[in-house]
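Residue numbers (our numbering), protein chains in the order written: chain A, 1 to 401; chain B, 1001 to 1375.
Hints are computed from structural coordinates only; laboratory data are not their basis. Possibly wrong hints are sitting among the right ones.
Claimed, not checked - Partial selection, computed: residues in chain A whose CB lies under 7 Å from chain B:
#, residue
1, H55
2, D88
3, W91
4, R94
5, N95
6, E152
7, E157
8, Q190
9, P272
Keep in mind the model is a prediction, meaning the values are calculated, not measured. Even for Gly, the Cβ is constructed at its ideal location relative to N, Cα and C.
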Amino acid sequence: MAVEFLPALPPAISQPAMFGALLVLGLLAGEAARRYLSLPRITGYVIAGAALGPHGSGLLTDNLLFDLRLLVDLSIGLIVFELGFRLDFDWLKRNRWLFATAVAESLFSFWAIYAALAYFGFRPLLAAMAAAIGTATSPAVVMLVAHELRAEGQVTERMLLFTAVNSVFAFVALALLLPFLHLEHAASWQRALLHPLYLLAGSSLAGSVACLLLLRLAAWLGKSEERQFVLFVAMVVVTVGVAHALKLSVNLTLITLGMLSRNLDRGHVLLPLRFGHGAQLFFVILFVLIGASLEFSAFDAVAAAMVAAFIVVRFLGKGLAILLLGPLSGIRPGGAGLLSVALVPLSGSAVVMVHDTVSFFPAFGKELATVVLSAVVVLELLGPLATQFALRRAGEAHPDG
Amino acid sequence: MDDMSFAASAPLSIGIELELQLVRPHDLDLSRGAGDLLARLGRRKLPGAVKPEITESMIELNTSVHTRCAALAAELDLMRRAVVEDAGLLNLRVSGGGAHPFHDWSDRRIFPNERFLYIVERYGYLAKQFTVFGQHIHVGCPGGDEAVYLVHMMTRYLPHFIALSAASPYYQGQDTSFQSSRLTAVSAFPLAGHMPFVQSWSEFLEYFAKMRRSGIVASMKDFYWDIRPKPEYGTIEIRVCDTPLTVKRAALLAAYAQALAAWHLAERPREPVREAYLFNSHNRFEACRYGLGGEIVQPYSGEKKKIGEDILETLDALAPHAAGLECGEPLAEIAAGVRAGHSDAQWLRARRRARGSLADVVRDACENWERGDRK
Chain A
1 MAVEFLPALP
11 PAISQPAMFG
21 ALLVLGLLAG
31 EAARRYLSLP
41 RITGYVIAGA
51 ALGPHGSGLL
61 TDNLLFDLRL
71 LVDLSIGLIV
81 FELGFRLDFD
91 WLKRNRWLFA
101 TAVAESLFSF
111 WAIYAALAYF
121 GFRPLLAAMA
131 AAIGTATSPA
141 VVMLVAHELR
151 AEGQVTERML
161 LFTAVNSVFA
171 FVALALLLPF
181 LHLEHAASWQ
191 RALLHPLYLL
201 AGSSLAGSVA
211 CLLLLRLAAW
221 LGKSEERQFV
231 LFVAMVVVTV
241 GVAHALKLSV
251 NLTLITLGML
261 SRNLDRGHVL
271 LPLRFGHGAQ
281 LFFVILFVLI
291 GASLEFSAFD
301 AVAAAMVAAF
311 IVVRFLGKGL
321 AILLLGPLSG
331 IRPGGAGLLS
341 VALVPLSGSA
351 VVMVHDTVSF
361 FPAFGKELAT
371 VVLSAVVVLE
381 LLGPLATQFA
391 LRRAGEAHPD
401 G
Chain B
1001 MDDMSFAASA
1011 PLSIGIELEL
1021 QLVRPHDLDL
1031 SRGAGDLLAR
1041 LGRRKLPGAV
1051 KPEITESMIE
1061 LNTSVHTRCA
1071 ALAAELDLMR
1081 RAVVEDAGLL
1091 NLRVSGGGAH
1101 PFHDWSDRRI
1111 FPNERFLYIV
1121 ERYGYLAKQF
1131 TVFGQHIHVG
1141 CPGGDEAVYL
1151 VHMMTRYLPH
1161 FIALSAASPY
1171 YQGQDTSFQS
1181 SRLTAVSAFP
1191 LAGHMPFVQS
1201 WSEFLEYFAK
1211 MRRSGIVASM
1221 KDFYWDIRPK
1231 PEYGTIEIRV
1241 CDTPLTVKRA
1251 ALLAAYAQAL
1261 AAWHLAERPR
1271 EPVREAYLFN
1281 SHNRFEACRY
1291 GLGGEIVQPY
1301 SGEKKKIGED
1311 ILETLDALAP
1321 HAAGLECGEP
1331 LAEIAAGVRA
1341 GHSDAQWLRA
1351 RRRARGSLAD
1361 VVRDACENWE
1371 RGDRK
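In isolation and in its complexed conformation, chain A is listed as follows (with noise of 0.2 Å):
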């Protein structure tokens, strides 16, 4: 007899309870990383994605993560916003050399990764890629571990400033060798052209225009907190789906709004963003699918040498424009080793940014894919860590953070 007020067995689970229940698990998985081990509670929320995704116990299916790739989008909009609205351009105009240097950062960093990849026989176009998905540090590791630290002072500043920086520079060296890997596919020389046009005009006019309306309804809401950090949150959720629909760079729509915001809001009409608590919903989230989403098949003993020469490479790069510009900038000695340290993050959007290419170029993504997905996961565990060491070392984390 059928009991049809019963659910069938197994009852299928819903995507809101899957989504509360990987809440729950990287909560307590952070926690017990805090608690018991003294890491970051990212690297706990990374290790519980890992375990539950589908190289750990594989609850967590592909086609799971696929659906939730949306929620990814909009974690990482928000905290690329956060990070873009917190970058001062008053700041580089006043002190050259901060800005001389942040570049200098991002420019080693790339030739040196190029240079490392390019000894180990990768072609040129192929190591140049995965040398501009390198220069990113994780925006999402520097903001949550500031955050989690209550961490405040030149060190952390500037990471954040950097960060900024060497992001919108991966995406737009990324989007600028774009037209050689079409070539290299034989399209027409004018889809070469017109894509990574597209993904640059198009983002970064997203992003103005999506300003443009945030100071517009921000100026007439007038200066609540409570009304404009539900616009804050709105304006960033529309504008990652806008991105998302028109196939536009999210990160690099999302920093420009949060740039310009900061930027052109001349009258002041925009008070202080603190996101608060609801943020760290999505932090969790985020973390623990990118915790799933880490591939340590891609990892093999081959490919270790290149992944470990990639990783110190990079460090080195970054590390030798700190130092070398770092102290005309107005950085104390040690401060600009901390700062290297603390850029250590690998930007987890290198995971996006490898499967968009694969997607576009399946076998081209593949060779591209070993290397940035095993540093992934490497940095992934490491990055949060180093940064954390930074900021404690520099004194700057809260004595109760």
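Dock chain B against the given chain A, drawing on the hints supplied.
Then chain B, alone, in the frame of chain A:
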């Protein structure tokens, strides 16, 4: 008791200490940039000194000793420029004002040096709540007895200094309804208040010795009085002023203190009486709460008078002494401000009304200080 001998100083010389707010531009809350900023400023050749204060959100400017207010103002302006320039390189902003309008005192971090760590250990949360910003004015005295006399005399004028400098209407995100809320944070300390009614330096030394023997104080620094003698500098130190919103106003206040001291030392218009202290806390409260509009009881006549009026009358009485000190012009400026009913606290409230948020108030206050004169 050698360390308590009253040092020689040029009579009527002036110098000031100014505690400043270090603000982070991105959310306009207090920052913790003191360590980095001090390290940078330490490499400059500045006429005065720049020092740490109890929390990492503050620095203190000390001018050198001056005999003329104009020179003091010029030096302050030089220091302001240096501080603003170096702060700019570190993405910090600098502001005057007696209190940050909305910081949360529990977020503050103690500047790690021996004395400050001792204060935290001793006073607990009072230490972090002490992240308020004052101006101290030193006036040189010929000797200890004169210093004791001047401390008693100047006590009568403390409400003037409170009202003229008041710049802390907001505290912990709220409008306190006070013009200066800062002094309330000072009053919480057990050794706040005023000097006991001693008549000479030797009598003061007896009192101090008794306090030290009983282990209550170790040095003069432990007294948080509104005004105190400072034997190591050979000065009296007026400590009730909020840091004004501009260096210009800070220099005006010093000129007023100098002229008052000149008048009293030259003419000895009154002698100290114990009764004068009866009205002290009432008058202090009126000044903090209502500023220039507060009503104080005259300690000698017992009559009530508005503080603004009392200042104008005092300025008239001072006039003959101002000329010799070349401070006629600054005193005229103070008088004009009093007549116009101006105060920094009112200006801050006006900014709040015009702009709609306390973050905007902080930004405008920073702009003011960084420019050196009010908009």
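Hints, one by one, checked against the model:
1. H55: Violated, about 39 Å.
2. D88: Since chain B brings a Cβ to about 6 Å from A:D88, closer than 7 Å, the hint holds.
3. W91: holds, 4 Å
4. R94: Where the cut-off is 7 Å and the nearest Cβ of chain B is about 4 Å from A:R94, the hint holds.
5. N95: For A:N95, the interface hint holds, since the closest Cβ of chain B sits about 5 Å away, which is under 7 Å.
6. E152: Hint holds; A:E152 Cβ to chain B Cβ min 5 Å, cut 7 Å.
7. E157: holds, 6 Å
8. Q190: Where the cut-off is 7 Å and the nearest Cβ of chain B is about 43 Å from A:Q190, the hint is violated.
9. P272: holds, 3 Å
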